[in-house]
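Q: Sequence:
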Amino acid sequence: MTDLLLAAESYWWVFYIGTIVVFLATVEVGFLLGRSRRGKTDPEAKSQAGTALAAILALLGFLLAVSFSIAEDRFMTRKQLVLEEANAIGTTFLRTDFLMEPQRTRARRLLAEYVNVRLEATKQPGTLQEGLKRSVEIQNALWRIADKVAAQRPRSEPVGLFIDALNETIDLHEERVTVSLRNRVPPSLLWTLYLVAFLSMGILGFHFGLGGTRNILAASALVFAFSAVMLLIVDLDQPRQRLFTVNQAALEDTHRSISKALESPPAKRGGSPDGKRRPP
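The opening residue of the sequence shown carries number 1 in the UniProt record's numbering; numbering runs sequentially from there.
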């Protein structure tokens, strides 16, 4: 299933068209089977087939709703974490004012690189793992700076504020990785969803076959609708979406603010008394 999802991430249109083709073929096979048994089936059996179709379509709708809800909740969480991480990085950068040289300049440059790495990892295909690796390296470098400063000024409250902000930044990195890469829609649920959808299309075609008439419009509408919802679920579940994207505007704003601050003389830089980033 992982390979299937990765393929869907890069070739979502192939996934969508492939799903439609498979479902339409399943409807046709079901229709042929139903038509072959039409003369051997009494009205009661036809009614039972209709009942089975209604039941399995209801089950499919339920599974689609559950899967979509899980994927959507995860997507919304990812959006919120981007904002929280941007604020945490901005706060950490402001609190580097509490450090002495050369740690101050070193920490600022590392944070500038850090936010740039975070942005590039979300925009450039194939750079995700490299970006995550570099992010951890920068975190370790920043933590070594914090450890050294804390050893030099063990009772400094401003240094403690910097360490708190840095710790939150590191924690949010782990939260984003967990939500984006690890907390996915369960593969067993997706497999069940596809199995039920496959059976639903087969029973739909079988029901049409018992009636002796292809209802192409109704079958096509169901196939296209179910395929579209499945595509949305798979896309929402990907680390990097094609149809939906997690807005990185908050990180981009933080990147611009940090770049501008690095270009400005120290005297012109400002911040709140506690070094906490304030919303504009």
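Take these hints with a grain of salt, some might be off.
[Stated by the list, open to error] BS3-like, lysine-lysine: derived pairs with alpha carbons at most 27 Å apart:
1. Lys148 - Lys133
2. Lys40 - Lys260
3. Lys123 - Lys260
4. Lys123 - Lys133
5. Lys148 - Lys79
Hints in this document: simulated from the structure, not taken from any laboratory.
Q: Hint by hint, which ones does this structure get wrong, listed from lowest number up?
A: 2, 5
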